[in-house]
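J.: The lines below spell out each chain.
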Amino acid sequence: MILPVTVNFYENLDSQPAGRMNKLNITVAVTGLNNIDSPGPGVPVIRALRESDFFNVRIIGLAYENLEPGIYMPGIADKVYMIPYPSDGVEALLERLEYINSRERIDVLIPNFDSELYTFMKSDKRLGEMGIKTFLPELAQYEERHKANLSGFGKKYNVKVPGNFELFSHSDIQKIPSGFTFPLMVKGKFYDAYTAENKQQIAFFYNKIAAKWGLPVIIQEFVRGTEVNVVALGDGQGNTIGAVPMRKQYITDKGKAWGGVTLDDKNMLELTRRIISETKWRGGMELEIIKTASNELYLIEINPRIPAWVYLAVGAGQNLPEALVRLALGLDVEPFTSYKVGKMFIRYSYDLLVDIGQYELVSTKREN
Amino acid sequence: MRLKKNIALSETGFVFDPNTGDSFSLNRIGLEIVEKLRHDKTDQEILNELLENYEIDKASLDKYYFDFVSTLQYYQLIDDTTGHREFL
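Here the protein sequences line up with chains A and B, keeping their order. Here the numbering used here is used: position 56 in the first sequence is 56, and no number is missing along the way. Here the numbering used here is used: position 50 in the second sequence is 50, and no number is missing along the way.
Extracted from the complex, chain B is given alone in its bound form (with noise of 0.2 Å):
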């Protein structure tokens, strides 16, 4: 799974779709999530790292880091040619 290529992405957390016009403002966390995707990463490395750099337990990042993914399919802003995740 990796982010849609001609999504635009600001330093600032905007996020802009050209192909819907869609815009968004992520935060700081969101941010960080969607550069990680943006350079292919893996849930597994994105999860190792943020539970690394963050106070918080595995079963909370792991359900508000899948939510925040879906969020992200949602939008149509994953690419759907590398596959759909399956959600624990």
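This is chain A alone, in the form it adopts within the complex (with noise of 0.2 Å):
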């Protein structure tokens, strides 16, 4: 029988203190309570907290939409209030904010959608004045590393990275450089990504992304090889407190990791310490990196949060939501060591039964 083995992260560095027997209560709001296909990060990093040595945690969910599963979910947050889009501005987000904490004093607030990000970002202070901290990226950190910017990223960085093209119009689409051989990706800024053999399908997947996400959408080079991806956290200075890679074993229709595998893959996490070293990142992130045949690492993406599936870094030795956590709260945070490689994740789909009642509370009260 295989047993996952464990590599050393940083050789040389002792390893993590053993758990706390007085835990420290704290209060955390958590988006991304979609459970679906396409999962949003909150569910696996409230679990995460929940799994905590150090906290012992109350959790707020805070959902925008009335069937997010983890609304619903036993065991994941004990409270769950609905909040506003970001689309209805930062007024209306902070004036729910405020209510929601004058109930419920939250300590740490964790974003997990891409598209809330810019707002929570632009609302640090305000937060900051209601007493709760976040451990979000810098505002030119967030900006620099966009889908849209990735080549310039890549010349600051000397990261290899596809080459890009922005369309803020259909009429672009003819103006991609004749260098862009098919197949091409087209992706939104947020979420979504296609491949297209042909012009027709590129104008077919804008209007498809341009309709979801809005512009621009971003025509990038297709780079041949395997998916595989990296959770980090970074904490400001240029440390890397923590890196799982990750390879997806099985891949929905969606693009989405329903399966997926640890690495031991040192370039992966070297790559990673450079980035974040370089770039100072603050915050947790996921790059998402080809790997060709050649073994060259091509960065597609860098996803500025927690991706879905970091309870696969839990599981293999890495806490990262409970060292963000501490970030957050401004304890000192050792670096993970190790993690064991070889830890498997599988995604599953399970019936929830709920009563008619609590779905009125959510849709009617905003909360339950």
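No lab work stands behind these hints: they were computed from the structure. Hints may contain errors.
What the hints assert, rightly or not - Below, in silico cross-link-like pairs of lysine-lysine (DSS-like), each with a Cα-Cα straight-line distance of 30 Å or less:
| hint | chain 1 | residue 1 | chain 2 | residue 2 |
| --- | --- | --- | --- | --- |
| 1 | A | K248 | A | K212 |
| 2 | A | K266 | B | K41 |
| 3 | A | K266 | B | K4 |
| 4 | A | K343 | B | K36 |
| 5 | A | K280 | A | K122 |
| 6 | A | K156 | A | K189 |
| 7 | A | K266 | B | K36 |
| 8 | A | K155 | A | K122 |
| 9 | B | K4 | A | K160 |
| 10 | A | K340 | B | K4 |
| 11 | A | K343 | B | K5 |
| 12 | A | K160 | A | K248 |
| 13 | B | K4 | A | K343 |
| 14 | A | K160 | B | K5 |
| 15 | A | K23 | A | K79 |
| 16 | B | K5 | A | K266 |
| 17 | B | K4 | A | K248 |
| 18 | A | K266 | A | K160 |
| 19 | A | K248 | A | K208 |
| 20 | A | K189 | A | K256 |
| 21 | A | K340 | B | K36 |
| 22 | A | K156 | A | K248 |
| 23 | A | K248 | B | K5 |
| 24 | A | K266 | A | K343 |
| 25 | B | K58 | B | K36 |
| 26 | B | K5 | A | K340 |
Could you use the hints to bring the two separately framed chains together as a complex?
T.: So, in structure tokens, the structure goes:
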């Protein structure tokens, strides 16, 4: 029988301290409770925090949709509040958070959607005045790693990236540089990615993506290889607190991992450490990388938040959400030194039965 | 030529490459060959032992053996630093 093996992440550092007897009571608000076929990271983040040796957490779920499964899942959120979409504006969100905070006294807030991060980053000061701490990237870091800016990011930090071209209108499809050969990737600024074999398909995907995520739509050169990912946490000073590489073993039609396994790949870890060191990345991140047949690593995306598969990292020995909360609270965090290689995750679907009364509370009182 | 050091191999014939995340299932003979490679046996030693233990002619064995080993190379289970094998 093959047992997962543990590799040294930082060879010269001591291992993590043992668990504490007296846990610190804190209240953490978490978004991303949409544990659906394209899952948000909220539920795995909450599972990670519930398994903390350091914290005893009260979880406040923040949801956008009435049917986000995390609202109803037993043992996940202690209390759930509906919040307005980022598109409703910063003020509407802050007003709602002020109300929620007046009742719950939130210590730390972890936003988990790309599309809401900008709003929360811009609101950092107001949140701080409410006593709510976050641990998010700086605005410049967030903008710099944007899909549309990936070429510049690659040049600046000497990282291999595929070429990209922004489409702001239908007519821009005709302006795609001739050096871009098919197939090409067509990507939304926050989510969604499709492979196009010709300009007609680009036009089709442009319409689809622009309607959902707005402009620009990004054209990215296609890199042939295996998609691998890293979940990592930077302390904002250039230090990598933890990083776990993973290969998707089963990918859904939405490109999401339905199964994955942790890897022993020193090059991926080195690339991660270099990016975090040079950008002084603050917060959670996911690197999406294509590993070519000749083992070259092409960075295709940096997601500026914890990914939905983060619970794999927890199972492999790195509780990155717990470390993020510690950083948010200004507590010392020692970098993780190892993780288990060969640890797998497999997602599953499960029918949760809910009384209509619960749904009614969420729909009418906007809390549960 | 030898098997990469970090390749995990179970007695059931399950192979896991922690660098790529690939996994494979070997049959009994495949497992036997991979275990011999892991013990740094040369091709000739392995071929001699297989010829001794199984009813097969040398030409067929050579064909199947080198085909199998080239598959191991294709999936990058062989340590490249030990040099590439030349196939007849």
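J.: State for each hint whether it applies.
T.: Against the structure, the hints:
no.	hint	result
1	A:K248 <-> A:K212	26 Å, holds
2	A:K266 <-> B:K41	28 Å, holds
3	A:K266 <-> B:K4	15 Å, holds
4	A:K343 <-> B:K36	27 Å, holds
5	A:K280 <-> A:K122	19 Å, holds
6	A:K156 <-> A:K189	21 Å, holds
7	A:K266 <-> B:K36	28 Å, holds
8	A:K155 <-> A:K122	27 Å, holds
9	B:K4 <-> A:K160	27 Å, holds
10	A:K340 <-> B:K4	19 Å, holds
11	A:K343 <-> B:K5	19 Å, holds
12	A:K160 <-> A:K248	21 Å, holds
13	B:K4 <-> A:K343	20 Å, holds
14	A:K160 <-> B:K5	28 Å, holds
15	A:K23 <-> A:K79	21 Å, holds
16	B:K5 <-> A:K266	15 Å, holds
17	B:K4 <-> A:K248	22 Å, holds
18	A:K266 <-> A:K160	17 Å, holds
19	A:K248 <-> A:K208	26 Å, holds
20	A:K189 <-> A:K256	17 Å, holds
21	A:K340 <-> B:K36	27 Å, holds
22	A:K156 <-> A:K248	29 Å, holds
23	A:K248 <-> B:K5	23 Å, holds
24	A:K266 <-> A:K343	17 Å, holds
25	B:K58 <-> B:K36	18 Å, holds
26	B:K5 <-> A:K340	17 Å, holds
In this structure, none of the earlier numbered hints is contradicted; all agree with it.
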